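There are 2 protein chains.
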Amino acid sequence: MKTSYKIAIVGSTGLVGRTVLKILEEKNFKNCSYTLFSSKKSAGSKLEFLGQSYVICELTENSFNSKFDYAIFCAGGEVSKKYIPIAVKNGCTVIDNSSVFRMDPKVPLVVPEVNPEKIFENSGIIANPNCSTIQAVIPLKPLDIKYNIKRIVYSTYQAVSGAGRQGILDLESGIKGEPPKKFPYPIFNNCIPHIDVFLEDGYTKEEHKMIDETRKILDKPNLPITATTVRVPVRNCHSESINIEFEKEFDIYDVFKLLEKSPGIIVVDNPSKNYYPLATKADGGDEILVGRIRRDFSIKSGLNIWCVGDNLRKGAASNAVQILEKLL
Amino acid sequence: MKTSYKIAIVGSTGLVGRTVLKILEEKNFKNCSYTLFSSKKSAGSKLEFLGQSYVICELTENSFNSKFDYAIFCAGGEVSKKYIPIAVKNGCTVIDNSSVFRMDPKVPLVVPEVNPEKIFENSGIIANPNCSTIQAVIPLKPLDIKYNIKRIVYSTYQAVSGAGRQGILDLESGIKGEPPKKFPYPIFNNCIPHIDVFLEDGYTKEEHKMIDETRKILDKPNLPITATTVRVPVRNCHSESINIEFEKEFDIYDVFKLLEKSPGIIVVDNPSKNYYPLATKADGGDEILVGRIRRDFSIKSGLNIWCVGDNLRKGAASNAVQILEKLL
Numbered sequence: 000m001k002t003s004y005k006i007a008i009v010g011s012t013g014l015v016g017r018t019v020l021k022i023l024e025e026k027n028f029k030n031c032s033y034t035l036f037s038s039k040k041s042a043g044s045k046l047e048f049l050g051q052s053y054v055i056c057e058l059t060e061n062s063f064n065s066k067f068d069y070a071i072f073c074a075g076g077e078v079s080k081k082y083i084p085i086a087v088k089n090g091c092t093v094i095d096n097s098s099v100f101r102m103d104p105k106v107p108l109v110v111p112e113v114n115p116e117k118i119f120e121n122s123g124i125i126a127n128p129n130c131s132t133i134q135a136v137i138p139l140k141p142l143d144i145k146y147n148i149k150r151i152v153y154s155t156y157q158a159v160s161g162a163g164r165q166g167i168l169d170l171e172s173g174i175k176g177e178p179p180k181k182f183p184y185p186i187f188n189n190c191i192p193h194i195d196v197f198l199e200d201g202y203t204k205e206e207h208k209m210i211d212e213t214r215k216i217l218d219k220p221n222l223p224i225t226a227t228t229v230r231v232p233v234r235n236c237h238s239e240s241i242n243i244e245f246e247k248e249f250d251i252y253d254v255f256k257l258l259e260k261s262p263g264i265i266v267v268d269n270p271s272k273n274y275y276p277l278a279t280k281a282d283g284g285d286e287i288l289v290g291r292i293r294r295d296f297s298i299k300s301g302l303n304i305w306c307v308g309d310n311l312r313k314g315a316a317s318n319a320v321q322i323l324e325k326l327l
Numbered sequence: 000m001k002t003s004y005k006i007a008i009v010g011s012t013g014l015v016g017r018t019v020l021k022i023l024e025e026k027n028f029k030n031c032s033y034t035l036f037s038s039k040k041s042a043g044s045k046l047e048f049l050g051q052s053y054v055i056c057e058l059t060e061n062s063f064n065s066k067f068d069y070a071i072f073c074a075g076g077e078v079s080k081k082y083i084p085i086a087v088k089n090g091c092t093v094i095d096n097s098s099v100f101r102m103d104p105k106v107p108l109v110v111p112e113v114n115p116e117k118i119f120e121n122s123g124i125i126a127n128p129n130c131s132t133i134q135a136v137i138p139l140k141p142l143d144i145k146y147n148i149k150r151i152v153y154s155t156y157q158a159v160s161g162a163g164r165q166g167i168l169d170l171e172s173g174i175k176g177e178p179p180k181k182f183p184y185p186i187f188n189n190c191i192p193h194i195d196v197f198l199e200d201g202y203t204k205e206e207h208k209m210i211d212e213t214r215k216i217l218d219k220p221n222l223p224i225t226a227t228t229v230r231v232p233v234r235n236c237h238s239e240s241i242n243i244e245f246e247k248e249f250d251i252y253d254v255f256k257l258l259e260k261s262p263g264i265i266v267v268d269n270p271s272k273n274y275y276p277l278a279t280k281a282d283g284g285d286e287i288l289v290g291r292i293r294r295d296f297s298i299k300s301g302l303n304i305w306c307v308g309d310n311l312r313k314g315a316a317s318n319a320v321q322i323l324e325k326l327l
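Which chain is which? The protein sequence lines are A and B, in order. Residues in the first sequence are numbered from 0 upward in steps of one, following numbering that gives the first Met the number 0. Residues in the second sequence are numbered from 0 upward in steps of one, following numbering that gives the first Met the number 0.
For the record, the hints were derived by calculation from the structure and aren't laboratory data. In this text the structure is predicted, and so the values were computed from the model without any measurement. Please note that the accuracy of each hint is not assured.
It does not matter which identical chain is meant; a pair holds if it fits inside one copy or across any two.
Said to hold, decoys possible - Calculated lysine-lysine pairs in the PhoX-like style (CA-CA distance at most 25 Å, straight line):
#1 LYS117 with LYS105
#2 LYS325 with LYS88
#3 LYS299 with LYS219
#4 LYS272 with LYS39
#5 LYS299 with LYS247
My request is simple: use the sequences and hints to build the entire structure.
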């Protein structure tokens with residue numbers, strides 16, 4: 000690794016940004032020089048990172064005048080839309096956590112376990128997929144290669160941390176009976192079938208993200224997929240009930256073996272011992288836990304799985320850092 | 000109504016039993032004489048009911064010697080298995096909340112909005128379906144009549160009250176960091192894809208109940224159905240993501256209109272106003288809230304809906320009392 004890469008972390012004080020810093024520390028990413036950006040609000044504050052004290056810099060239109068090699072953006076769509084083109088024009092390669100560029104045909108949408116080869120087809124921007132998509136495509140990819148996926152039905156159980164720090168605060172304050180600030184309804188004691196905004200067709204943008212991004216990452220632009228995405232009162236880690244129909248017939252033991260040897264997955268599936276994926280077990284890890292693997296008897300070549308992933312880590316920060324690692 | 004019916008409530012101190020009493024009070028079911036039974040543990044304690052003080056009687060093998068006209072059993076499978084045959088032999092007609100007799104071909108499995116005509120085909124026992132099945136078949140029945148259901152994919156989000164009082168206590172104590180007593184893992188901050196016991200094929204008994212009972216109630220013994228049933232950290236009211244494929248084509252506006260005029264349903268579906276079914280809104284009601292009604296574009300004649308019901312009331316107690324009302 001070249002030792003002098005200059006790296007910008009944009010949105011470094013947010014929930015995902017802090018997780019990016021944590022993962023860089025875990026991976027001991029020392030041989031780079033970092034600049035940590037935030038909005039005006041948090042700028043000037045200090046952060047301990049890799050044994051040093053960093054003063055957070057305000058992100059401005061001139062921030063990328065001093066050339067950066069790489070940037071990880073985790074500050075939301077508006078910031079990405081405005082500042083990423085400036086960064087790219089100044090020669091910086093950007094890994095973007097927002098949804099702004101994900102469906103741009105010139106922008107690779109990458110999960111390193113699934114389509115790492117796309118990383119180098121970038122024109123300055125590599126998009127990090129939606130958290131709920133990342134944890135789904137990791138088990139779906141090897142299954143698709145072997146059995147050719149014909150249709151997917153997603154139902155998600157998404158944690159409040161996916162809505163940022165205020166999402167977590169809404170759950171915590173909801174327990175005490177206080178009204179929500181982030182969510183339209185109390186999330187405590189509720190399942191809210193509404194993530195991101197509603198679109199004309201009655202689906203939410205989150206549901207469309209799962210459909211469109213899965214198609215792009217699996218490189219099957221017309222794959223029939225439907226989705227119902229739901230916020231549940233869980234602090235961290237998304238769970239997903241995934242129903243899959245394949246073109247080819249499968250042996251259920253081969254499915255277990257295939258998933259067990261596939262990258263980024265831990266198979267947790269032993270009903271007799273009550274082993275199955277749980278949010279509390281996936282929390283803090285980078286692997287996707289896959290279990291409840293069983294034939295769907297209602298259709299030819301149907302399969303049900305239950306997968307759980309840490310949406311802040313593998314669903315966002317770890318995936319971005321893995322892309323950075325591949326780039327370096 | 001004859002004024003002298005003798006009615007036994009078995010399991011009257013449990014979560015469902017108390018809800019049965021509450022609903023009898025709401026409906027002002029005064030013109031009957033009641034005997035409230037429980038296990039030895041709660042026997043002798045007192046309960047206020049319909050303005051009177053009742054001493055809870057211990058259920059024994061002789062309890063049905065004094066003839067009862069009707070009994071509602073809400074004390075679990077073991078009690079139903081042992082005492083219902085005795086009650087029936089003594090001329091009592093029983094409405095049973097347990098799963099013991101549900102799939103017996105001689106026992107009608109009844110949701111009054113769906114198949115009320117079956118009530119009178121009983122040989123002494125009428126089974127109350129599983130909570131998660133009741134709230135599903137109420138919207139499914141009118142859709143099936145009009146469009147002929149071809150396949151169903153269920154993913155459920157089930158409240159802890161479905162596991163009885165200790166389920167609620169597990170959620171409450173889990174918030175304080177205490178270990179669970181009812182569930183195999185903490186339910187706070189978790190989604191547990193495990194309700195009832197696991198069977199040989201990798202499915203849980205709860206999933207089989209949903210599949211088998213839906214088929215029986217819709218009177219389609221071979222209908223292809225699959226299910227993933229999940230416990231979520233919600234106090235009361237189950238939510239369900241239901242994906243349906245029909246034989247016949249539909250117009251989405253006709254689906255709305257059909258559901259709106261169907262019994263037992265409140266359509267809550269206006270995304271532009273953030274109207275959709277929520278556990279906190281269904282709590283305490285007897286109607287099933289149905290929303291997120293939208294075409295599933297991944298398949299010909301596919302539909303997604305999200306339905307929420309109070310599992311203690313319509314999912315158990317209210318349904319049983321409605322059956323009793325039809326009998327009287």
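Hints, one by one, checked against the model:
no., hint, verdict
1, LYS117 with LYS105, "within (11 Å within a copy, 61 Å between copies)"
2, LYS325 with LYS88, "within (22 Å within a copy, 75 Å between copies)"
3, LYS299 with LYS219, "both (21 Å within a copy, 19 Å between copies)"
4, LYS272 with LYS39, "neither (52 Å within a copy, 33 Å between copies)"
5, LYS299 with LYS247, "both (9 Å within a copy, 21 Å between copies)"
In the structure shown, a violation is registered for the earlier hint numbered 4 alone.
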